[in-house]
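A.B. asks: Could you slot chain B onto chain A? The hints should help.
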Amino acid sequence: MNAEILLEFAINVLSMGSLYALISLGLVFVFGICQLVNYAYGEFITVSAYVLYFLGAFTSLPWPVVFLLGIASGVAVGFLSELVAFRAFRERSLDALLVTSFAVSVILQRLFQLGISPRSKAVPIPAFFNMNIQILGVITPLRNLLIIGTTVVLLTALVLIMKYTTLGVAMRGASENFVTARLMGVPANLMISVAFIISGFLAGVVAIFWSARTGSVEPMMGATPLLIGFIAVVIGGMHSLPGSVVGGFVYALIANVLSLTLPSSLLSFRDAFMFAIVIAFLVLKPEGLLRGNYQEERVG
Amino acid sequence: MTNNPVLEISDLYVAYGSIQALHGICMEVHQGELVSICGVNGAGKSTVLKAIAGVLKPRSGSIRFKGKDVTGSKPEHLHKLGMALVPEGREIFPSLTVEENLRIGAFGRRLDKSYAADLEDLFTLFPILKERYHQAGGLLSGGEQQMLAIARGLISNPDLLMMDEPSLGLSPALVDQIFELIIELKSRGITILLVEQNAQRALGIADRAYLLSNGKIEYSGRPQDLEGSVDITSVYLGGQNGGDV
Chain A
1 MNAEILLEFA INVLSMGSLY ALISLGLVFV FGICQLVNYA YGEFITVSAY
51 VLYFLGAFTS LPWPVVFLLG IASGVAVGFL SELVAFRAFR ERSLDALLVT
101 SFAVSVILQR LFQLGISPRS KAVPIPAFFN MNIQILGVIT PLRNLLIIGT
151 TVVLLTALVL IMKYTTLGVA MRGASENFVT ARLMGVPANL MISVAFIISG
201 FLAGVVAIFW SARTGSVEPM MGATPLLIGF IAVVIGGMHS LPGSVVGGFV
251 YALIANVLSL TLPSSLLSFR DAFMFAIVIA FLVLKPEGLL RGNYQEERVG
Chain B
1001 MTNNPVLEIS DLYVAYGSIQ ALHGICMEVH QGELVSICGV NGAGKSTVLK
1051 AIAGVLKPRS GSIRFKGKDV TGSKPEHLHK LGMALVPEGR EIFPSLTVEE
1101 NLRIGAFGRR LDKSYAADLE DLFTLFPILK ERYHQAGGLL SGGEQQMLAI
1151 ARGLISNPDL LMMDEPSLGL SPALVDQIFE LIIELKSRGI TILLVEQNAQ
1201 RALGIADRAY LLSNGKIEYS GRPQDLEGSV DITSVYLGGQ NGGDV
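Going line by line, the protein sequences match chains A and B. If you count the first sequence from 1, position 159 lands on 159 in the working numbering, and the numbers rise without skipping. If you count the second sequence from 1, position 20 lands on 1020 in the working numbering, and the numbers rise without skipping.
Just so you know, these hints were derived from the structure itself, not from any lab. Any given hint might turn out to be false.
Derived coverage of chain A by chain B (criterion: at least 3 residues anywhere in the stretch with Cβ under 8 Å from a Cβ of chain B; other residues may be distant) [stated by the list, open to error]:
#1 146–157
#2 166–176
Taking lysine-lysine and the DSS-like style, the derived pairs with C-alpha atoms no more than 27 Å apart in a straight line are [as the list claims (entries may be wrong)]:
#3 A:Lys163 - B:Lys1113
#4 B:Lys1113 - B:Lys1080
#5 B:Lys1080 - A:Lys163
#6 B:Lys1057 - B:Lys1074
#7 B:Lys1068 - B:Lys1216
#8 B:Lys1130 - B:Lys1186
#9 B:Lys1066 - B:Lys1080
#10 B:Lys1113 - B:Lys1216
#11 B:Lys1130 - A:Lys163
By construction, the Cβ of each residue, glycine as well, lies at the ideal position given by its N, Cα and C atoms.
Chain B extracted, bound-state conformation:
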């Protein structure tokens, strides 16, 4: 672990109109780490990722990426700096082919030999995408779309890969596949920030975890230590804090 984190968030406040969603979040992700953010529905997990990726503008606080202050930067600018977000609900471009979806993921990259090599590499991870290469994204199954969404994030060779609920709406077999894939990506040295509702699975593979509740960080640390330090039902079921969501 280096001294300078890849991502450093301090005292982040985000609101939707007059509704405050995040109340002073502090967070760090280091090179090569797999960090997961857990919490119940409405805790603010996706909001954190959207604020980091530039979709939402923070009210106050700061976000530093690779040592640079990027608070309030535009999403396209942050992508160029090396962030990639695999959005919740996959957000595949439905009428575009798999090829074209990937090409947008690689926007700003030259489509040269190194692109072709990265593409071949992705096909070893996601053989199905090679088969479906010329099919419209909207015709893919849910699992295949999730593969495409992750591949679309990876094709830019990001320094930070953020995934928002990658297992949402998938069959148990596919969920297994997605989590195996995340472990594989981590073993390749990719820095990952993972938002998951499936806390048990996410905590099982994470180096560190943040537990989010009502827009605040309830706990941060190693997943193994989590059990002893907070009421575990609040992680999985929302507990007392989640009751009023």
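Okay, chain A solo, but in the shape it has when bound:
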């Protein structure tokens, strides 16, 4: 294997892994705080993508403003869905929360279908995103490098926030032991709101890079990133923020290795191989690569 192929492989894994890491991080932030597997997370991404579409297609706003508003819409939908839908059921039971997240997901999908269009819409993305550039003999679209850079910046910022701000320390404490954190004066509503806001923020960033890659948005587009997030989280560990990031990169590594090594006749079954690996993880290492400090209660 020569150096160029290796570099190309590395760029592919890192760019795909960066995107997947952001996706799964958005899921785990909410799960860590309120043990909710948020099925509506994919729709957070879709909402942001639609905002990118509307602003890009019908206004002449410069792209940085469009991107910021797209991310802001992700934050807004995260914050508002918690306030309007999840908060009311939170005290009831975890099952109620889970069903609520299905409901939010389906309601948003139907709203997109009825209110916008069941067909996919082209999302205008600035041309430089998909411009091919050459580094050390490897040609790759600029967006692959942009997502890597964005992810490095975001992860660094999140690490600093979680480590050095009182809010971040409280979030980590609350994700290990929610009741005790409340006993220490940490407000439950604030923690959960912030978790949904961060989740929505990440969904907004993901929407930019996802629609840059696919070029379009449609009502069900959230399903694929959601599935990817689940798989990455299963691999990396549901109870650990670093685990979810690791999971995203490992997912990308496995997917790229499969793409390279599978004979072309089997390539269309790549996802099936991917799922087989996930099943293996569930059987052999159900806590994921990084287990975190959460204590699992036994149920069987």
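C.D. replies: Chain B only, in chain A's frame:
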């Protein structure tokens, strides 16, 4: 002793689902007092503290804190009003450092000079925490974790410090240390509500005591008078009442 108690509980009923845990508890804690709640396992001691701290919602009855009705308030709200609970089993945040554990204990406080001064003061009480300041809480020994749990309760300068079984699972030497510490805290004027299974030790240092049995108060008063008024074996061993627990 002032006329208005710091904590005033009247006719408190608490249930876990359909299982009634507390049957009409009445209790008072005054400024500067050390009050201890004793009773066998399952008598409802921890339930009382959890209801006061807002972890459990009472079915009926009322809880007044510093003259204010706080029945059914959220734990974070009660902490802000000046309650602190050192939970049973210590409940340290394992991956957080000692520093971060204390910082959560001080949630809502500005990390200013007065915080730094209080921290220094805590280090004179718990020198080990200064040594372990940057270590993860989960790596501390049981005794050190208990120190951290108590320090985490104290850092908010509470008007009422509640401790749930602080001596549980500790070696006899450490139990001595914890009880000496409680006496020291009392001498500093801190109002303390102490739940202990180690009734003998708890009664030895308490101003007043409540004896809990099957979710009811069997006895309340000064520990010295306790011996004459109830069957003492029910305090230590559960006696006839504790037999069916």
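A.B. asks: Against this structure, judge whether each hint is valid.
C.D. replies: Hint-by-hint comparison with the structure:
1. Counting residues of the region 146–157 of chain A whose CB falls under 8 Å from any CB of chain B gives 0; the rule of at least 3 is not met.
2. Counting residues of the region 166–176 of chain A whose CB falls under 8 Å from any CB of chain B gives 6; the rule of at least 3 is met.
3. For the hint pairing A:Lys163 with B:Lys1113, the CA-to-CA distance comes to about 21 Å; that is within 27 Å, so the pair holds.
4. Of the supplied pair hints, the one linking B:Lys1113 and B:Lys1080 holds, its CA atoms being roughly 20 Å apart against a limit of 27 Å.
5. Taking the CA atoms of B:Lys1080 and A:Lys163, the gap is near 24 Å; set against the 27 Å cutoff, the hint holds.
6. In summary, the hint linking B:Lys1057 to B:Lys1074 is supported, as the alpha carbons are separated by about 9 Å, within the 27 Å threshold.
7. Taken as a hint, the B:Lys1068 and B:Lys1216 pair is honoured in the structure, with Cα atoms around 24 Å apart against an allowance of 27 Å.
8. Annotation: proposed proximity of B:Lys1130 to B:Lys1186 holds, straight-line Cα distance about 23 Å (limit 27 Å).
9. With a C-alpha separation of about 12 Å, the suggested pairing of B:Lys1066 with B:Lys1080 holds against the 27 Å cut-off.
10. A C-alpha spacing of about 45 Å is found between B:Lys1113 and B:Lys1216, which places the hinted pair above 27 Å, so the restraint is violated.
11. For the suggested pair B:Lys1130 and A:Lys163, the alpha carbons sit about 19 Å apart, so the restraint of at most 27 Å is met.
Of the numbered hints listed earlier, those contradicted by the structure are 1, 10.
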